[in-house]
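J.: Here the protein sequences line up with chains A and B, keeping their order. Residues 44 to 348 (the working numbering) are what the first sequence spells out, left to right. Residues 44 to 348 (the working numbering) are what the second sequence spells out, left to right.
Rather than coming from a laboratory, the hints here were simulated on the basis of the structure. Please note that a few of the clues may not be correct.
No distinction is drawn between identical chains; accordingly, a pair holds when it is met within one copy or between any pair of copies.
[To be verified] In silico SDA-like pairs for lysine to any residue, Cα to Cα no more than 20 Å straight-line:
1. K156 / M142
2. K151 / K312
3. K156 / P140
4. K84 / T226
5. K84 / K151
6. K84 / S225
7. K299 / L68
8. K312 / A181
9. K151 / R180
10. K84 / M142
11. K156 / D146
12. K98 / A250
There are 2 protein chains.
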Amino acid sequence: MLVKDNLPSIQAFDLAVYLQERKALVDAALDRALPVSYPEKIYEAMRYSLLASGKRLRPIFCLASCELTGGTLEMAMPTACALEMIHTMSLIHDDLPAMDNDDFRRGKPTNHKVYGENIAILAGDGLMIYAFEYIARATEEVPADRVLAVITKIATASGAAGLVGGQVVDLEYEGKSDVPLSTLNYIHTHKTGALLESTVVSGAMLAGCPASDLERLSQYAKNIGLAFQIIDDILDITSTQEELGKTAGKDQQAQKVTFPSIWGIDESKNQAHSLVQEAKAQLEPFGERAIPLMAITDFITTRSN
Amino acid sequence: MLVKDNLPSIQAFDLAVYLQERKALVDAALDRALPVSYPEKIYEAMRYSLLASGKRLRPIFCLASCELTGGTLEMAMPTACALEMIHTMSLIHDDLPAMDNDDFRRGKPTNHKVYGENIAILAGDGLMIYAFEYIARATEEVPADRVLAVITKIATASGAAGLVGGQVVDLEYEGKSDVPLSTLNYIHTHKTGALLESTVVSGAMLAGCPASDLERLSQYAKNIGLAFQIIDDILDITSTQEELGKTAGKDQQAQKVTFPSIWGIDESKNQAHSLVQEAKAQLEPFGERAIPLMAITDFITTRSN
Numbered sequence: 044m045l046v047k048d049n050l051p052s053i054q055a056f057d058l059a060v061y062l063q064e065r066k067a068l069v070d071a072a073l074d075r076a077l078p079v080s081y082p083e084k085i086y087e088a089m090r091y092s093l094l095a096s097g098k099r100l101r102p103i104f105c106l107a108s109c110e111l112t113g114g115t116l117e118m119a120m121p122t123a124c125a126l127e128m129i130h131t132m133s134l135i136h137d138d139l140p141a142m143d144n145d146d147f148r149r150g151k152p153t154n155h156k157v158y159g160e161n162i163a164i165l166a167g168d169g170l171m172i173y174a175f176e177y178i179a180r181a182t183e184e185v186p187a188d189r190v191l192a193v194i195t196k197i198a199t200a201s202g203a204a205g206l207v208g209g210q211v212v213d214l215e216y217e218g219k220s221d222v223p224l225s226t227l228n229y230i231h232t233h234k235t236g237a238l239l240e241s242t243v244v245s246g247a248m249l250a251g252c253p254a255s256d257l258e259r260l261s262q263y264a265k266n267i268g269l270a271f272q273i274i275d276d277i278l279d280i281t282s283t284q285e286e287l288g289k290t291a292g293k294d295q296q297a298q299k300v301t302f303p304s305i306w307g308i309d310e311s312k313n314q315a316h317s318l319v320q321e322a323k324a325q326l327e328p329f330g331e332r333a334i335p336l337m338a339i340t341d342f343i344t345t346r347s348n
Numbered sequence: 044m045l046v047k048d049n050l051p052s053i054q055a056f057d058l059a060v061y062l063q064e065r066k067a068l069v070d071a072a073l074d075r076a077l078p079v080s081y082p083e084k085i086y087e088a089m090r091y092s093l094l095a096s097g098k099r100l101r102p103i104f105c106l107a108s109c110e111l112t113g114g115t116l117e118m119a120m121p122t123a124c125a126l127e128m129i130h131t132m133s134l135i136h137d138d139l140p141a142m143d144n145d146d147f148r149r150g151k152p153t154n155h156k157v158y159g160e161n162i163a164i165l166a167g168d169g170l171m172i173y174a175f176e177y178i179a180r181a182t183e184e185v186p187a188d189r190v191l192a193v194i195t196k197i198a199t200a201s202g203a204a205g206l207v208g209g210q211v212v213d214l215e216y217e218g219k220s221d222v223p224l225s226t227l228n229y230i231h232t233h234k235t236g237a238l239l240e241s242t243v244v245s246g247a248m249l250a251g252c253p254a255s256d257l258e259r260l261s262q263y264a265k266n267i268g269l270a271f272q273i274i275d276d277i278l279d280i281t282s283t284q285e286e287l288g289k290t291a292g293k294d295q296q297a298q299k300v301t302f303p304s305i306w307g308i309d310e311s312k313n314q315a316h317s318l319v320q321e322a323k324a325q326l327e328p329f330g331e332r333a334i335p336l337m338a339i340t341d342f343i344t345t346r347s348n
């Protein structure tokens with residue numbers, strides 16, 4: 044059962060408890076969304092990566108945005124789960140030997156290390172397909188035309204015009220030291236930013252949010268997405284493998300151009316901070332309903348792993 | 044522009060002209076559906092395989108089924124295109140070195156041979172995601188709840204419960220000579236049959252076809268799907284690479300268990316013939332409207348490549 048929509052007051056709000064509760068709800072919903080059946084191996088491979096420990100920030104953004112704009116957790120939960128499936132799929136395929144060739148992810152061996160390359164490719168495919176099936180089939184109490192608009196939004200953010208396009212340009216510039224800032228921006232606004240933006244916007248779309256507020260939330264999420272990536276780049280340099288739960292220092296080893304490699308670490312932190320301040324300004328008109336998203340936003344700029 | 048819905052009489056019907064016209068409509072619609080934009084490489088890779096010469100039988104089934112049940116070509120065209128995108132995606136990923144490691148497909152070098160393994164993986168991902176986006180975004184004159192039901196139907200047929208599941212079991216039994224007939228049936232009803240069934244059923248769903256007729260069409264398509272696979276297995280043995288447009292004799296080289304390897308070629312032909320007769324019996328209640336599907340059905344059992 045989902046907990047009842049229960050918006051907090053400033054005094055009562057405890058982010059750690061909120062994130063813990065939401066993560067538990069999402070983990071349980073993901074577990075229910077994808078039961079094992081024949082052929083077991085593919086479901087196990089899909090579940091191995093999907094249910095691996097993660098902060099579930101994308102689903103939490105989607106749920107928070109739906110509540111912020113007057114919707115319920117129930118309306119957004121299938122879409123929230125689908126967003127985590129798509130994110131997981133992109134990680135599985137990104138880690139493949141033909142791509143980034145990564146051995147560790149979320150503190151565990153990568154999917155192809157456990158199940159083999161062929162099953163890992165198919166597990167990614169299966170998760171991607173199931174994401175759209177699950178939104179279409181499991182979303183309740185939302186008019187069908189809104190659900191179609193959400194599918195369009197999320198697919199655009201995930202495909203060649205979004206995440207996949209970002210990965211292509213990222214691969215193209217791999218190992219090159221002369222990546223222009225505009226290209227680096229393109230890579231991140233597409234590879235990471237587009238899906239994150241769609242988490243926030245899709246939650247509000249499900250709630251029937253008017254276009255002007257959708258635009259505010261889109262701007263909020265774009266800023267957060269870029270800040271999130273800058274901080275990720277910083278952490279790749281400053282963290283250990285144990286802290287990150289994935290191979291640390293990969294970017295430097297691969298001589299990858301990152302925001303810190305252009306700006307240095309301190310200026311990168313400043314840039315991330317400015318983006319976050321501008322993002323929060325977009326939330327102000329929503330008043331007390333925005334408390335959870337405000338707090339999550341602060342959390343992102345101070346996380347250490 | 045699409046041609047006007049114009050159902051043929053028995054006397055006037057010319058299958059060759061019909062297939063040529065429909066293929067031309069589908070080819071033009073696919074070309075329009077996926078224009079090139081930045082980053083060009085991924086769109087070119089997606090279009091390379093999507094627009095490669097093909098009979099377009101899956102889209103044609105979808106269009107024919109929609110017309111059979113009272114719908115229009117316009118209602119079904121986005122879904123018809125999406126089905127070809129999903130089919131193409133499954134071929135691109137199936138041909139990868141980690142999977143079947145095939146060098147030729149549809150008479151041309153496979154996607155990874157031209158664009159590299161990493162881009163081929165992403166081109167498949169991009170096509171799969173775009174398929175669902177395109178159904179959701181481009182379908183017109185169909186109520187939104189029907190479109191959602193079609194997305195659910197096609198995703199189920201494509202994912203771990205369908206095509207992807209069939210590929211997993213196929214990989215599991217690769218090189219084994221003791222594949223039970225029930226497993227061989229599972230592989231083909233899922234790897235090939237499920238998507239084909241969804242082409243016929245989705246076309247009728249878009250037209251608002253009642254459940255009893257959907258069940259008839261589903262049964263028709265399941266029989267055709269299995270017949271199609273048996274004939275494919277036969278052709279792999281009896282055709283040359285030039286005729287097939289892909290590497291011939293792969294199954295025998297890989298010591299793959301196929302219907303002809305269990306039944307022999309003559310009995311396989313008999314089985315395919317029986318399946319087709321049973322399929323056609325399902326179409327009889329539709330009367331003259333079923334003429335195109337009847338003719339396509341005959342065509343399938345007599346094709347030589």
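J.: Give a verdict on every hint.
T.: Hints, one by one, checked against the model:
Taking CA atoms no more than 20 Å apart as the test, K156 paired with M142 passes in both settings, with 14 Å inside one copy and 16 Å between copies. Taking identical chains as interchangeable, the C-alpha atoms of K151 and K312 are never at most 20 Å apart, the minima being 29 Å within one chain and 50 Å between chains. For a Cα distance limit of 20 Å, the shortest separation of K156 from P140 qualifies both inside one copy, at 10 Å, and across copies, at 16 Å. For the identical chains of this complex, K84 and T226 are inter-copy neighbours only, at 15 Å across copies versus 39 Å inside a copy, given an alpha-carbon limit of 20 Å.
In the homo-oligomer, the alpha carbons of K84 and K151 lie at most 20 Å apart inside one protomer (18 Å), although the nearest pairing across protomers, at 33 Å, exceeds that limit. For a Cα distance limit of 20 Å, the shortest separation of K84 from S225 across copies, 18 Å, qualifies, whereas the shortest one inside one copy, 42 Å, does not. Proximity of K299 and L68 under a CA criterion of 20 Å is satisfied in neither setting, with 37 Å inside one chain copy and 45 Å between copies. For the identical chains of this complex, K312 and A181 are neighbours neither inside a copy (40 Å) nor across copies (42 Å), given an alpha-carbon limit of 20 Å.
In this assembly of identical chains, K151 and R180 lie within 20 Å of each other by CA distance neither inside one copy nor across copies; the values are 31 Å within and 38 Å between. Proximity of K84 and M142 under a CA criterion of 20 Å is satisfied inter-copy only: 16 Å between copies versus 23 Å inside one chain copy. Taking the shortest alpha-carbon separations for K156 and D146, only the intra-copy value of 7 Å comes in at or below 20 Å, while the best inter-copy value is 25 Å. Proximity of K98 and A250 under a CA criterion of 20 Å is satisfied in neither setting, with 24 Å inside one chain copy and 43 Å between copies.
Hint violations for this structure: numbers 2, 7, 8, 9, 12, all remaining hints satisfied.
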